[in-house]
Amino acid sequence: MSNQDGYMRPAVLGGLASGFLSVIPIIQAGNCICCLWIVVGGVLASYLLADQRQGRIAAGDGAVVGLLSGLFAACFTTVVHLVTFPFFGMKMLRQNIEQMRKVPGMPSQFESFYNQILAGRGGAIILLIILGILVVSAITYSIFGTLGGLLGSALFGKKDQPLPPAPPVPPSPPSY
Amino acid sequence: MQQNRHVWLVLLAGSLLNVFVIWASPSLHPALWLAARAGYSVVCHQAPARCLSVAGLPLPVCARCAAIYTALPLGAVIALLWFRCRATVGDRRSPIGRRAFIVALTLALLVVLVEKAAEKCGFATTNLTRYWASFPLATLAGMVSAFVLLPAGALGGIGPADADDPICEKGSVI
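Note that the protein sequences, when read in sequence, are chains Z and V. Those letters in the first sequence? Residues 1 to 176, by my numbering. Those letters in the second sequence? Residues 1001 to 1174, by my numbering.
FYI, nobody ran anything at the bench for these hints, they're computed from the structure. Worth double-checking, as some hints may not be accurate.
If we take Cβ atoms under 8 angstroms as the criterion, some of the chain V residues that face chain Z in the derived model are [said to hold, decoys possible]: (1) Gln1003; (2) Leu1011; (3) Ala1031; (4) Gly1039; (5) Cys1044; (6) Gly1056; (7) Lys1116.
Covered stretches of chain Z, going by a simulated chain V footprint (3 or more residues, C-beta under 8 angstroms) [to be verified]: (8) 43-53; (9) 90-102; (10) 144-158.
Listed next, with one range per pair, are the computed distances between beta-carbon atoms [unchecked claim]: (11) V:Leu1105 with Z:Thr84: 34 to 40 angstroms; (12) V:Ala1024 with Z:Pro25: 29 to 35 angstroms; (13) V:Phe1123 with Z:Gly55: 44 to 50 angstroms.
On a predicted model such as this, the values are computed, not experimentally measured, just so you know. Virtual Cβ for every residue (Gly too), placed ideally from N, Cα, C.
Given only the sequences and the hints, what does the whole structure look like? Please build it.
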């Protein structure tokens, strides 16, 4: 997608804002309410686009900029998880595994699988987990970012704005 | 308008992939299930007691989130089929009026709030009640995406959703 529509700057700013809110401990819990911060990022991106275009923003523009902001947020959160995984990731994984062990009726194949990870022989698994975070957040964030962008276009788009005048048609060359 | 349609298709494809990952990952390899759980941990609390189970394993998201992610593409597809049926009989106006839609959205939101309030007041609610209480609201949200992005004659076959088409202009709900 080219930047001639002016989508990139609002999308990057919206994505960074929502991504940042999605990785701060405690505050990130807001995402448990229908990806609140991602929707907010989409609305923000839509607002910035409307501001840039003096309010001339259609629903489709809001959707595109919201979708892009969701994708940028997904990239941002994945990079943060990648950087912080050595410090917090294993602890989180251990907690998750302990929680899962308490679930009654857990298939026996999981026990050996978990033991393998806890013994530190799960390098590929950790890579897969990072990939899982990227894929899942790219999908969910783009969905909720788009909904936020649509909401933003409904809130900040001015419906009675006159359309810009069409460029003059060049005169056709005389035929001889 | 073409751009709107592409965005909507991307959304639909993403939503369907989401549904597949949520419902199929417990039946696939343990590593995939764990990766899905790690992935959804950024958007859901994932308490095992609040998750529906498939093949003896909890889904990677809670019952409410499972309802939201499953109902979004369903709502979008219902809206699309609705458009196509209306277009077939030559009526390209929006399926329902703005007021009816707002009433439906409010009712769906009320269902979620009543269920939540009942839970807080100590009434026994199950994962299935949580699931079905959230389902209508998410279905309507999926329908909104189609109503906004696909004004009429959606996805070709019936006729393009053209910005210059006065009937399409009249037909948009939101």
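Hint check:
no.	hint	in the structure
1	Gln1003	5 angstroms, holds
2	Leu1011	6 angstroms, holds
3	Ala1031	5 angstroms, holds
4	Gly1039	3 angstroms, holds
5	Cys1044	6 angstroms, holds
6	Gly1056	5 angstroms, holds
7	Lys1116	11 angstroms, violated
8	43-53	violated (count 0)
9	90-102	holds (count 6)
10	144-158	holds (count 4)
11	V:Leu1105 with Z:Thr84: 34 to 40 angstroms	39 angstroms, holds
12	V:Ala1024 with Z:Pro25: 29 to 35 angstroms	31 angstroms, holds
13	V:Phe1123 with Z:Gly55: 44 to 50 angstroms	47 angstroms, holds
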